[in-house]
Every structure is written in C-alpha cells, then in structure tokens.
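Note that the protein sequences, when read in sequence, are chains A and B.
If you're matching positions, the first sequence starts at 1 in the numbering used here and goes up one per residue.
If you're matching positions, the second sequence starts at 1001 in the numbering used here and goes up one per residue.
Source of the hints: derived by calculation from the structure; they are not laboratory data.
Do not take every clue at face value.
[As the list claims (entries may be wrong)] Label-pair distances were calculated between CB atoms; the ranges are:
#: 1; chain 1: A; residue 1: N124; chain 2: B; residue 2: L1242; range: 26 to 34 Å
#: 2; chain 1: A; residue 1: A113; chain 2: B; residue 2: P1009; range: 41 to 49 Å
#: 3; chain 1: A; residue 1: S140; chain 2: B; residue 2: L1019; range: 54 to 62 Å
#: 4; chain 1: B; residue 1: R1083; chain 2: A; residue 2: A113; range: 57 to 65 Å
#: 5; chain 1: A; residue 1: D170; chain 2: B; residue 2: A1014; range: 53 to 61 Å
#: 6; chain 1: B; residue 1: W1240; chain 2: A; residue 2: D170; range: 50 to 58 Å
#: 7; chain 1: A; residue 1: S140; chain 2: B; residue 2: T1035; range: 42 to 50 Å
#: 8; chain 1: B; residue 1: E1094; chain 2: A; residue 2: E207; range: 37 to 45 Å
#: 9; chain 1: A; residue 1: S140; chain 2: B; residue 2: Q1235; range: 26 to 34 Å
#: 10; chain 1: B; residue 1: L1004; chain 2: A; residue 2: N124; range: 32 to 40 Å
#: 11; chain 1: A; residue 1: A113; chain 2: B; residue 2: L1042; range: 51 to 59 Å
Even for Gly, the Cβ is constructed at its ideal location relative to N, Cα and C.
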Amino acid sequence: MDGQGQIVIEGVNHTYRPARGRAVPALSNVTLQVRPREFLALLGPSGCGKSTLLYLVGGFLPTEAGRILVEGKPVAAPGPDRGIVFQHFALFPWKTVRGNVLYGLERQGLPRAERDRRAQSFINLVGLRGFEESYPSQLSGGMKQRTAIARTLAFDPSILLMDEPFGALDAQTRSLMQTELLSIWQRTPKTVIFVTHDVQEAVYLAERVAVMSSRPGQIKAIVETKFEKRDPSILRAKEFVEKVDHIWNLVRDEAIKAQELSA
Amino acid sequence: MKALSRYLPLLLLAIAWELAARLNIVSSLALPPLTHVATAWLDLVHDGELIDNGEASLYRGAVGLLLAIVGGGALGMAMARWRTFDVFVNPLVELFYPLPKSALIPVTVIWLGFGDGSKILLIFLGCMIPVTIGAYNGARGSDHVLVWSARSMGASPLRMMWDVVLPSALPELLNGVRTALALSFILLVSSELIVSQKGFGYLIGYLGSTGSYEGMYAVVLTVAFLGFAADRLYQLLMQWLLRWRE
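Just chain A, with the same shape it has in the complex (with noise of 0.2 Å):
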C-alpha cells in the first residue's frame, strides 16, 4: 500500500559528529509512518532532533542507521517530489519573488509559458500579486516566507516538509499564515510534515502530533487531532483547548528534561 505521498522511517538513529568535539546522537530509534496526504505535526522541545528527522526525509543528511523510505523507495538524494520550507525562508536573495518561484519550475524543464502561468498563479494564491519584481530583501518576514511557500508548491511536490516555517514570524503574520497554510492543504492536499515546538500550532494545524522527546530524539507520543478546523473558533472549543492541554503534558516533562541537558 504505498500511496503517493507515503513516508515510511523505521529504527532511524542519527549522530551529529563535529569536527571539534564530540559526538552528539540526535536520534534514537525512530519509527514512524505518515499517511500519504496527511498533515503531521512533529512537536518536540528545543534540539530534540525533530529538524534533523526532517531533513533525513528530506535527503539532505545521509540515513546511517535504519531506513526511511518514500513511496516504497528508499531516500538517496533530495529531489522534487518533496519540497521544503525553512524558518529563515531560504530564497536566492538575488532573485525577484518571481525568480524565485519560477526556480523549481526551471529545474523541471517546463515551457516558458506554462511557468510563467503558473509562477503567477502560486504569486496570486499566497497574496503576492504586485510584488513580483522586489527582491527579498525588500519584503516582510511574512511575505518572505509567503514568497517561499509559493516556490515550494509551484513545482507541485507530493510531499510538504516544513521545518519551523512560520518560528521567525510575528504572532499576527503568524496566525494569519497558519489558517492560508490550512485552507492551501485543504485544497491541494499533499503529504506535509511540519516540524514546530508550539503545541497549539501543531494542534490547530495537524490531523496527528507526534511528539518527540528530548535529545536524543525519540517518538514518545502519537495523538490524533482531527478537528473541523475551516472554522477559526475551533481555537476556543472544550475538545480542542483540553487536547492542547493533553500534548502539553506530554511535551511539558521533556522540555524540563531538555533544559535540564542543556544547562
């Protein structure tokens, strides 16, 4: 049964080696499955190794333990069935929006004209009609990451991997991007993993949390939070405020212990 858009990790351990100093594991043992067009929410405390799952997924770190295979296939390399959204956003800062957006589209040896079209319909569909020609530097956080989200899903990837994407943003930007990310999945679903340490976020946002515990990462927790979430009121509803409660619990004895290593 392996679905477009399947990830399957199994007994994935990873170790971060420095060149000075010592080693430190990341990751211990991780197993886990995320359905094809499922949004997951991975949620851990700080250093926790949740980003460096992602980018194992990703294929930007080598898998030496264990196996992650996407859609039946084992990772190798990146590629462009999984796209990606960093904290820092990650756009060429030489290239305009547009030149941004069109990069994926580049890449995949699409006519001229059918990415253009379809550059401008991600621009549109993030709100960032008018902005086109600016160049990064001349843009908010907000319509920087807006930028980056719209390059990602140009290229349409069956596999959405989000890594803390809307961490450097402002509360409001952040809420207001929260419920376009929502309402962008819900009408071209794809598979995303978005990595976060904000319990409400990953509740509002994900039909599962897994919550991982502290370094070196582990799954500690699968919670399913399907909610009817088109509806922002949802955030003050009984179900919803006790099951952030719930995962807050559960998050809360790690980032205890998460301090407790770091200190």
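Chain A is fixed; fit chain B onto it per the hints.
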C-alpha cells in the same frame, strides 16, 4: 556642485603644476608645464602613437584579466566546495600569494618571449590570486540551506554551483576582481616598461629615454586616467550586479 567639490582638488593641483613649471620653481625639464603636456598629448594622438600603443596594452590587459577572472573564480569556488582539492591547492596559493608578481617578468619572457604572450601570462598569474581568494571566501560563506533548497528543487550539483554558490560568492568575488583590475594596470605597465616594443609602458620608457618629457607625462597621465575610469566603471557594474542587496 557635488561634482565640482569632488574634482576641485584635481583642478587646484593642475593649476599648481602649471604655475610651478612656468615660474621655474621646479626645473621645467623635470616638470614641463601642463599645457605643454596637453599639446604633446594631442600630437601623440594625432600621429597615432598613443592609439597604437594603447590598443596593444588594452588588449593584453583585457585578455589577462579576463582569463584571471574565469580561472581564479573557478579555482576559488572549487577549493571552497571540494575539500580534497583544497588540501592540494591551498598551500600552492598561499605560497604564491606573497610573491611580488613583478619578479616573474623575466620568467614570463623566457617562457613566452617579448610579445603579448608574456604580458598576458604575467597579468593572468598576478590577477588570479585576489580573484581566487575572493571566490574562495565568498563560496565558503554560502548558506547551506540555499544549497539544499536548490538541490530539492531538482538542481544537479554542477547546476547548483552556478545557481547558488556563484551568486553567494559574488560580493566577495567582485571585490577580488576590483583589486585584480588595479593590479592589472600595475603589472601591464611595469612589464611593458622593462621588456616590450609596444604598449603604454614601452612608450613611457621610450619617450623618457629620448628626452621628450612632455610626451612621457602625457602617457603617464593617460594611464592614470584610464585606471581611474576603469575603476569607476567597474564600481557601477558592481552596483548593478549586486542590486539585490539592501
């Protein structure tokens, strides 16, 4: 107004020069009046001397510099990206770095003779160093998430060098090229002064040795002006290439 205040010191210097020569404060043999220099310049343009020699010089300078930019840029980026390559090449670059490149003038003549080849080689070798170092430092500073982004959008490793590493290195690379541009004039004129039958350096040496000091000064000032103009133009180009920066 701003332009005036900028060039006022030059104008004052020119007036001081003219007066010093006219009033015999310094021997007019050592420092001919600027107006005489201007006349000599017009003569040199008129009989084609300045143009012919200028063409030869600019050709050598342009080819040598261009080769240095391409070679140095590629070398620096390759060193920054491939560690094994760096291990082999870096000591060579460091050894070559402090060597006064003018010491290579006789060497390049032995290799390639008195013509264009030896000048081009000298400029290439000398100018490559600052470009290499600029490209190396710039490429080393390229953000790994940009590299990852490009790779995840389907860029091959080589494509990624061109699309990400090169533009990331550009600010430092372009500064290296600016140093190389100034250096190319130095190496060009000094090599032509010593061993050449053509070029600005040759003309300066020839006019000096035959006692036509007005003409000699005219060529020196021409080279100075060309160097200045080249740097100004280059800065405009740099601003345009880096217009995405804030």
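Fill in: 54 to 62 Å as the expected CB spacing between B/L1019 and A/S140, which holds or is violated
holds (60 Å)
Worksheet item: Within 51 to 59 Å or not, the Cβ separation of A/A113 and B/L1042?
Response: Hint holds: Cβ distance 58 Å, inside 51 to 59 Å.
Item to complete: Using the Cβ atoms, figure out if A/D170 sits within 53 to 61 Å of B/A1014.
Response: holds (58 Å)
Worksheet item: Cβ-Cβ distance between B/W1240 and A/D170: within 50 to 58 Å?
Response: violated (34 Å)
Item to complete: Return holds or violated for the Cβ distance of B/E1094 and A/E207 against the range 37 to 45 Å.
Response: Given about 57 Å between the Cβ atoms, the range is violated.
Worksheet item: Cβ-Cβ distance between A/S140 and B/T1035: within 42 to 50 Å?
Response: violated (60 Å)
Discussion item. If I claimed the Cβ atoms of B/R1083 and A/A113 lie 57 to 65 Å apart, would that claim hold in this structure?
Written reply: violated (43 Å)
Item to complete: Return holds or violated for the Cβ distance of A/A113 and B/P1009 against the range 41 to 49 Å.
Response: violated (57 Å)
Worksheet item: Do the Cβ positions of A/N124 and B/L1242 conform to the proposed distance bound of 26 to 34 Å?
Response: holds (30 Å)
Worksheet item: When you take the CB atoms of B/L1004 and A/N124, is the distance between them in 32 to 40 Å?
Response: At roughly 50 Å between Cβ atoms, A/N124 and B/L1004 fall outside 32 to 40 Å, so the hint is violated.
Item to complete: Evaluate the given range 26 to 34 Å for the C-beta pair formed by A/S140 and B/Q1235.
Response: holds (31 Å)
Violated hints, listed in ascending order, are 2, 4, 6, 7, 8 and 10; each of the other numbered hints is respected by the structure.
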